Amino acid sequence: EAQVTQNPRYLITVTGKKLTVTCSQNMNHEYMSWYRQDPGLGLRQIYYSMNVEVTDKGDVPEGYKVSRKEKRNFPLILESPSPNQTSLYFCASSSRLATNPRLETQYFGPGTRLLVL
Amino acid sequence: AQKITQTQPGMFVQEKEAVTLDCTYDTSDQSYGLFWYKQPSSGEMIFLIYQGSYDEQNATEGRYSLNFQKARKSANLVISASQLGDSAMYFCAMRESVPGSARQLTFGSGTQLTVLP
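These protein sequence lines map, in sequence, to chains A and B. For the first sequence, my numbering assigns the number 1 to the initial residue and increments by one for each residue that follows. For the second sequence, my numbering assigns the number 118 to the initial residue and increments by one for each residue that follows.
Calculated lysine-lysine pairs in the BS3-like style (CA-CA distance at most 27 angstroms, straight line):
#	chain 1	residue 1	chain 2	residue 2
1	B	120	B	187
2	B	120	A	57
3	A	57	A	69
4	B	120	A	65
The hints are simulated quantities; they were obtained by calculation from the structure and are not laboratory data. Because the structure is a prediction, the values reported are computed rather than measured.
Full structure from sequences and hints, please.
Shown next, in the form of structure tokens:
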């Protein structure tokens, strides 16, 4: 089954304690992204990756790091979490631009609810 | 200026009736894609429908159709014959073609749809 998985699904942590949210996709997609969702703001892109070892900042990258050592994995790292990073996080993947633009559809993981105390 | 505007924070519709969720967008690109996603209370993001900027016909997927008015820069989602299971948050999103970049989706703030029995 084609899917994007995220772990953990729920996490409560304290300010300053480093954490990693994993993301993995089995569709051989080149593009992967991280978003955060906050009430009234929709989803905002944190970081994205065009392919292995190629990452770039999205709209709200401050306080986050990512890595793309393998095509299927794109972990999100919070080195020193703060309460303003309490949010719902989504990982997404999509294929490269193709003759059929529907292939650009992003597939989302189930989300990770993070609470930073 | 916001890229994607959803002016209806909340909408109510009677079961079996049709409902239109508004979305306007702002871009200077000639080639872009418009997406609608559904987010039920469980949190996952579900892809509904896609419209390419060069598509001459409005996209349809089952009970979902997209009323695409390019000159007005609007991409409204129409849900026909509403069902109780359609109650969810709905997000409009746009992907722009930026040369040399992998910019992903820009999301609106969402519309919470409630279907009444």
